[in-house]
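Undergrad: Single-letter residue listing:
2 protein chains.
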Amino acid sequence: MSECYPPGGPRVVVVGAGFGGLAAVQALAKAPVAITLIDQRNHHLFQPLLYQVATAALSPADIAGPIRSILARQGNVRVVLDTVIGIDRDRREVLLASGKRAGYDWLIIATGARHSYFGRDEWACHAPGIKSIEDATAVRRKVLLALERAESETDKVRREALLTFVVIGGGPTGVEMAGAIAELAHRSVSRDFRSITPHCSKVILINLAPRVLESFPEDLSAAALADLERLGVEVRLSTPVEHIAADHVVAGGQTIHTHTAIWAAGVEGSPAASWIGAEADRAGRVKVDHAFHPVGEKRIFIIGDTASCAGADGRPLPGIAPVAKQQGRYAAQAIAAELKGQALPAFRYRHYGNLATIGRSHAVADFGRLGLRGLPAWLLWSTVHVYFLVGFRNRFAVGLNLAWNYLTFARHARLITGEPEQPDPTAANPIPHGETYVQAA
Amino acid sequence: MSECYPPGGPRVVVVGAGFGGLAAVQALAKAPVAITLIDQRNHHLFQPLLYQVATAALSPADIAGPIRSILARQGNVRVVLDTVIGIDRDRREVLLASGKRAGYDWLIIATGARHSYFGRDEWACHAPGIKSIEDATAVRRKVLLALERAESETDKVRREALLTFVVIGGGPTGVEMAGAIAELAHRSVSRDFRSITPHCSKVILINLAPRVLESFPEDLSAAALADLERLGVEVRLSTPVEHIAADHVVAGGQTIHTHTAIWAAGVEGSPAASWIGAEADRAGRVKVDHAFHPVGEKRIFIIGDTASCAGADGRPLPGIAPVAKQQGRYAAQAIAAELKGQALPAFRYRHYGNLATIGRSHAVADFGRLGLRGLPAWLLWSTVHVYFLVGFRNRFAVGLNLAWNYLTFARHARLITGEPEQPDPTAANPIPHGETYVQAA
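Line order of the protein sequences matches chains A and B.
In case it helps, the numbering used here puts the first sequence at residues 1 to 441.
In case it helps, the numbering used here puts the second sequence at residues 1 to 441.
Bound conformation, chain A alone (with noise of 0.2 Å):
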């Protein structure tokens, strides 16, 4: 039946095939509509769990479906590899890089966000953020390279900065990857190294607030904060980042040297405004009213991190899955619905709580009036995370991985790719070893 749509029928587009895009694409499952979704990449990323992939303790496929797959049994979607370069308005047409276009009649914009360093785009090749597949394994392979070069270094002070990693943000992916950093860092490593030993290295978050994962309730944040010392995490609250470089960051008016940094600080909206000539706020996220359309354009949705939209108490929704996955559904209930000449009641958005994850085995889990931590909110952290993963094979693959890390504190996904690099030529002295180093003439 969902094959039949009429030709010349309804065409609805979705730009993005994140949480929000997914949402609304089988949503529409038994619309009689032609759905085509544009991604610039081939699978779908499940974004929470991407700092695992980034620690080494996931692989890509394990947190990562192609978007053909997914969607395999759905008759009325068209999955198309392409990127958005921008949107003609009048005649409803979205414009590929490939030169194509894709017609409209309605528009789902869904692309996400990526990392912003508030006008410093200087910073982003010296303190990389996690977004994409790539990201999290170009992020891998810099902490890995940085243990093995401390590992074969012999001046003190050299070692010591290539054994501090910095992470710049206190949300919950700055927490996160701060508590993975410090379990690989300080736990997991210590068994394969001769010269690195779990004290050698520090982990410092650095955090502009006055106390990490603002949006959760005090006390919470004070069990964060905990789990993360009882780590060995350095974390320094009310820091504000004033420069970073290769070798140091400067926060607090203070050096530090080190050659990992990472960004999790701040994110902006995709260039969903300029496409089609909107207002967006200043993080470029464009506003949006309450069903989702930009000012005046009825047949447009923006939803997800791409859009800035205001929840019942005025403030803006979270930047979260849940959030962009309501919204979908929501855009392509009101697609059906007008298609069927109904009225949909107001989008209301179910907050069901915020979760976030530090090192192997603890969590904070906020629920409003309930809040859990420790090894109760990790359970429940673990397994809303494998339940909400797309697809048996990967449900299945990531629990066992995440079971047997915490069985083993092994990083199975321990590799470093990317062509071999040369090792800094300028790095002092030789590797001692009883008498198997000779030093360089």
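Bear in mind the hints are in silico, worked out from the structure with no lab data behind them.
Glycine included, every Cβ here is placed at the ideal spot set by N, Cα and C.
Check the hints yourself; a few may be wrong.
Said to hold, decoys possible - What follows is a list of derived Cβ distance ranges for each label pair:
id : chain 1 : residue 1 : chain 2 : residue 2 : range
1  : A       : G277      : B       : S361      : 52 to 60 Å
2  : B       : G266      : A       : E242      : 52 to 60 Å
3  : A       : S190      : B       : Y387      : 27 to 35 Å
4  : A       : Y349      : B       : T197      : 40 to 48 Å
5  : B       : R73       : A       : G86       : 52 to 60 Å
6  : B       : R120      : A       : K30       : 50 to 58 Å
7  : A       : A138      : B       : R73       : 29 to 37 Å
8  : A       : P271      : B       : R191      : 40 to 48 Å
9  : A       : R230      : B       : G75       : 45 to 53 Å
10 : A       : F388      : B       : A337      : 33 to 41 Å
11 : B       : A291      : A       : L375      : 52 to 60 Å
Put chain B on the given structure of chain A with help from the hints.
TA: Same frame as chain A, but now just chain B:
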């Protein structure tokens, strides 16, 4: 005890952590030596399953593990991530790209092989080979992108070229690769794409020799050929490749339009010969005696694919893992024996048999007098490969993936990674999908 080697005592440097190098290091676990293992990558790679990464059935981390982890419990070895740039035989030092030097009393060179284009290096960019994880993910990207582009290509001739996959070389690698691509293109993919149907795609295996798997008996070659043809692979025997370009391959005087050619036709040794100024054969391998020493150099062992070594029958030993492992162990035993002032019996290669798999559930196995084919050979192949994987975790994960893929035809690792590519703007015509696509002006 193994930590107690005398400082200043015998130093063994092993270059390369493939099958040969790792076997040598592990066989020296109880010897009173200080080992330095140098590799330009941080992981040991189970190369025989690399084609499964290239065809999206396995993830890189399934078949590779950090060298440090594999050797974590061996106290007399130090793992160094560095690149060898030369060897000073007079001072007995290995020169490293970092500017450091590693002094040795014995040196084991096990640097493996790269693919060789027989002097036509300009073919490398059009027809990549598969020797490293980067190679495999690059091939995976190439194959999957070709399918994506074919899906949105309306020009019949161009689509046909996009769906033509050419594998050059009919040895085990080429046969396994062709079988796996045929399954990916014909079967696994058919469910997910809308325009591509299983019979659209074409896999061509080009072999210079008059039969595939020349190292196997003729009846098993014939069985492999039949298996390939059953999978829809077109096999062209006794066919030389005359030219390779971005969009075509000329073989046996005929032009094949293709965007995806894969090289499995030949390998050459690493530059070890030039490091020590030794004689090399045409394939770049260093000629060694029956104890794996190059001429006049008893301190150096060269093993595995880097060496050209005659077997008991006078024919060169094949470039397979069992040869490298046995040679590595023998070199280690030779060092240990010399330290004890003992003599070692001459090396004798024990050939256990040849195995090659052709797609899902078919293989050929040659044990001299006994030959297996079909499902029994495939079950044996699976068992052997999973068994020999380094590390329990990988063994378990690969076993699970192979079983899962067998049951479902799924290709869970079908990720196109790397920065999104801009689709070819010269590509003709848009994608028809009801009325969804509008032709570019």
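Undergrad: The structure should be examined with respect to each hint, and the outcome stated for every one.
TA: These are the hints, each one checked on the structure:
The hint said 52 to 60 Å for the Cβ distance between A:G277 and B:S361, and at roughly 56 Å that hint holds. Checked against the hint of 52 to 60 Å, the pair B:G266 and A:E242 passes, with Cβ atoms roughly 56 Å apart. Between A:S190 and B:Y387 the C-beta distance comes to about 30 Å, which sits within the given range of 27 to 35 Å. Under the hint 40 to 48 Å, the C-beta atoms of A:Y349 and B:T197, about 43 Å apart, fit the expected range.
The beta-carbon spacing between B:R73 and A:G86, approximately 58 Å, falls within the hinted interval of 52 to 60 Å. At about 55 Å, the CB distance of B:R120 to A:K30 agrees with the hint of 50 to 58 Å. A hinted range of 29 to 37 Å holds for the C-beta pair A:A138 and B:R73, which are about 31 Å apart. Separation of A:P271 from B:R191 is about 34 Å and departs from the stated range, judged on CB atoms against 40 to 48 Å.
In this structure the supplied range 45 to 53 Å is violated for A:R230 paired with B:G75, their Cβ-Cβ distance being about 31 Å. As the Cβ distance of A:F388 to B:A337 is approximately 59 Å, the hint placing it in 33 to 41 Å is violated. Range check, B:A291 to A:L375: about 58 Å between beta-carbon atoms, so the 52 to 60 Å window is met.
Hint compliance for this structure: hints 8, 9, 10 are broken, all remaining hints hold.
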